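Trainee: Sequence:
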Amino acid sequence: MERYRPLRYVWSVLLAATLCFIPVVSANAVKGELPTKNITSPFEQIEAHLNNTGPVFSTKYTAPSSHLGKAEHTVKAVQIGNLLISEGDIVVGRAPDPELMHSQGLVISYESGLWPNAIMYYEITSDYTASQAVKIRESMDALEAVTSLRFVSRTTESDYISIFKGSGCWSYIGRIGGEQQLSLADGCLSTSTIQHEIYHAAGVQHEQSRPDRDQYVRILEENIQDGQEGNFEIRTNSDPVGDYDYESIMHYYKNAFSKNGQPTIERLDNPDLPLGGDILTATDISAIATLYPIAGSLKWTGPQTLASVGSPALSSNGNIYTIGSNALISLDSSGNTQFQVAMNGAGTSASPVVNYDGNIFVGSTDNYMNAFSSSGALLWRAQVDGNISGSVALDENLNLFFAAQNTVYSYNKDGSQNWRFNTSGEVNGSPAVNSSENILVGTSASILYSLSSTGSVIWQASTVGAVTNTPTINSDNTIFVATANGYLQKFSSSGQEIWRVNLGVTIQSSPVIGQNGVVYIGTNNGLYAISASGSITWHNSTIGTITGSPAIASDQTIYVGSASNNTFYALNSDGT
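Read in order, the letters of the sequence shown correspond to residues 1 to 576 in the numbering used here.
If you are wondering where the hints come from, they were derived from the structure by calculation, not from laboratory data. Everything numeric in this text was worked out from a predicted model, so none of it was measured. Errors might be hidden in some of the hints.
To be verified - List time: in silico EDC-like cross-link candidates among lysine to aspartate or glutamate, alpha-carbon distance up to 16 Å:
#, residue 1, residue 2
1, K259, E229
2, K165, E229
3, K259, E221
To be verified - Restraint-style ranges between C-beta atoms, simulated for each label pair:
#, residue 1, residue 2, range
4, Q460, V146, 32 to 42 Å
5, T365, S564, 40 to 50 Å
6, A377, T537, 36 to 46 Å
7, E157, L378, 54 to 64 Å
8, Q262, W538, 53 to 63 Å
9, E157, D226, 15 to 25 Å
10, A553, V134, 13 to 23 Å
11, D214, T537, 43 to 53 Å
12, R218, T365, 25 to 35 Å
13, E497, T537, 17 to 27 Å
14, Y356, N474, 14 to 24 Å
15, T129, G517, 52 to 62 Å
Ideal Cβ placement from N, Cα and C applies to all residues, glycine included.
Produce the entire structure from the sequences given, and follow the hints as far as they go.
Mentor: Shown next, in the form of structure tokens:
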């Protein structure tokens with residue numbers, strides 16, 4: 001029975017040139033013969049075959065990990081036939097050269113062992129009967145139905161899995177490049193065993209080796225077969241993700257490698273409960289979602305009080321600042337709340353802004369500009385003549401520019417005023433500063449102003465409708481302006497209109513520029529992407545009304561809040 005939990009464990013490193021090996025012995029074998037009971041777990045096959053152990057080898061190697069840096073680790077392996085097997089079913093070398101465990105068991109970075117676009121090319125050899133080949137493909141189809149993995153029959157692809165009828169059940173860990181074999185003998189053709197080996201080929205490791213496993217299970221060493229103690233060692237060169245999954249198909253069962261029929265591994269919370277399983281759990285499925293996220297899929301959501309209005313701000317350390325329930329809220333990159341600071345009971349429709357010092361600035365409806373430290377402490381408050389509905393713009397000297405009704409203000413970062421400028425029509429958005437330190441503002445009177453750093457007018461241009469948001473400046477100083485009546489306009493740095501596109505829907509937020517000049521704009525009907533030439537690239541209407549601009553991280557993840565359902569979204573860059 002499936003139980004829904006947070007994301008389960010996925011190794012942060014992959015073993016390249018390494019095999020996951022589950023030997024299968026024939027029914028006529030005398031030594032290591034499979035028991036007559038019905039076998040449901042892949043790990044029960046391991047126990048039956050590995051009674052015939054050989055010498056134990058141990059070697060150290062330096063493992064470069066994408067999360068942990070370089071660290072020295074020890075691998076213990078038992079020689080069985082011509083294989084050196086660690087953890088009971090992972091081949092780390094081949095006899096008679098145990099010294100090659102280091103080179104044959106190299107650890108590669110997380111990303112390089114994954115299959116691009118979650119597509120696993122494969123071929124099924126002619127060793128199998130037609131019904132056996134169908135069984136393998138049906139197991140793949142079952143994975144495709146619940147994960148992002150896609151299995152495509154190989155034509156000329158150079159990296160692929162060759163599924164053949166070898167001497168047991170084993171697989172390489174992750175993508176190693178070129179042809180990589182995956183063995184499924186006659187005794188390995190249950191759905192769970194096929195999926196277990198495919199999971200290894202996709203990059204998923206064993207559950208009971210995660211570094212925090214002693215918080216969840218107890219190893220009963222007195223019951224372990226002599227020479228098999230190394231099968232229960234913890235892998236320190238890995239990061240656990242999510243809750244420990246007792247029922248995963250990647251977990252040992254209770255009596256694995258037992259010498260006396262007693263448990264060798266048991267749960268701390270309830271030793272009587274079983275371990276391991278023969279059916280994918282919901283968290284097994286989530287493991288693949290962690291390694292191979294679906295384009296446009298939801299990464300996480302914060303509390304419902306977040307991002308109902310305004311746009312989030314990203315700091316250099318990855319923290320996210322947003323407004324909810326009349327408070328400034330700080331989240332880490334995983335969505336955990338760092339702090340929540342009330343704004344003296346005052347609300348805001350503005351978005352917070354972070355300067356190079358890590359300080360946060362946000363205006364409030366009680367006619368004050370507020371400055372907070374990176375830890376949430378109030379630094380200063382400055383009163384102005386009206387409601388501050390937009391956000392702060394900063395120049396290279398960390399001077400602040402913002403607007404309150406029909407006045408543009410310039411303040412020093414310590415809270416002292418530099419100058420003010422009165423506009424025709426109200427400024428409901430925020431000023432923007434270009435590379436020449438000119439300040440751009442749009443007004444409800446359908447005027448776009450360009451002001452100097454001292455507050456004088458350089459030029460002004462007419463817009464199609466009222467501007468209720470912030471102009472966006474490209475790296476070449478061209479300007480994008482969205483109007484309340486649904487137009488997006490592009491202007492030159494001297495104020496000449498270059499193009500306009502009519503989205504036909506109310507726009508309350510400002511455009512944001514991504515890679516290749518693509519412009520992202522939130523509307524009352526979801527998120528649009530506009531090409532650099534002014535054509536609509538894609539439209540995602542499922543988010544609903546967007547009143548704030550999206551924020552784009554360095555990996556092109558799009559963070560955006562919805563006013564329709566008070567949910568904070570993290571999307572991939574293609575909007576699907």
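Trainee: With reference to the structure, classify each hint as holding or not holding.
Mentor: Consistency of the hints with the structure:
Proposed proximity of K259 and E229 is supported: the alpha carbons are some 11 Å apart, at most 16 Å. For the suggested pair K165 and E229, the alpha carbons sit about 30 Å apart, so the restraint of at most 16 Å is broken. A hinted pair counts as satisfied when its Cα atoms are at most 16 Å apart, and K259 with E221 qualifies at roughly 10 Å. Checked against the hint of 32 to 42 Å, the pair Q460 and V146 fails, with Cβ atoms roughly 58 Å apart.
Separation of T365 from S564 is about 22 Å and departs from the stated range, judged on CB atoms against 40 to 50 Å. Taking the beta carbon of each, A377 and T537 are about 42 Å apart, inside 36 to 46 Å as hinted. In this structure, E157 and L378 meet the distance hint of 54 to 64 Å, their C-beta atoms being roughly 59 Å apart. Judged by the Cβ atoms, the range 53 to 63 Å given for Q262 and W538 holds: they are separated by roughly 59 Å.
Taking 15 to 25 Å as the suggested C-beta distance range, the pair E157 and D226 does not conform, at roughly 45 Å. A C-beta distance of roughly 44 Å is found between A553 and V134, which places it outside the suggested range of 13 to 23 Å. The supplied range of 43 to 53 Å is met by D214 and T537, whose beta-carbon atoms lie about 50 Å from each other. A hinted range of 25 to 35 Å is violated for the C-beta pair R218 and T365, which are about 57 Å apart.
For the pair E497 and T537, the supplied restraint of 17 to 27 Å holds, since their beta-carbon distance comes to about 21 Å. At roughly 22 Å, the beta-carbon separation of Y356 and N474 lies within the given 14 to 24 Å, and the hint holds. The hint said 52 to 62 Å for the Cβ distance between T129 and G517, and at roughly 56 Å that hint holds.
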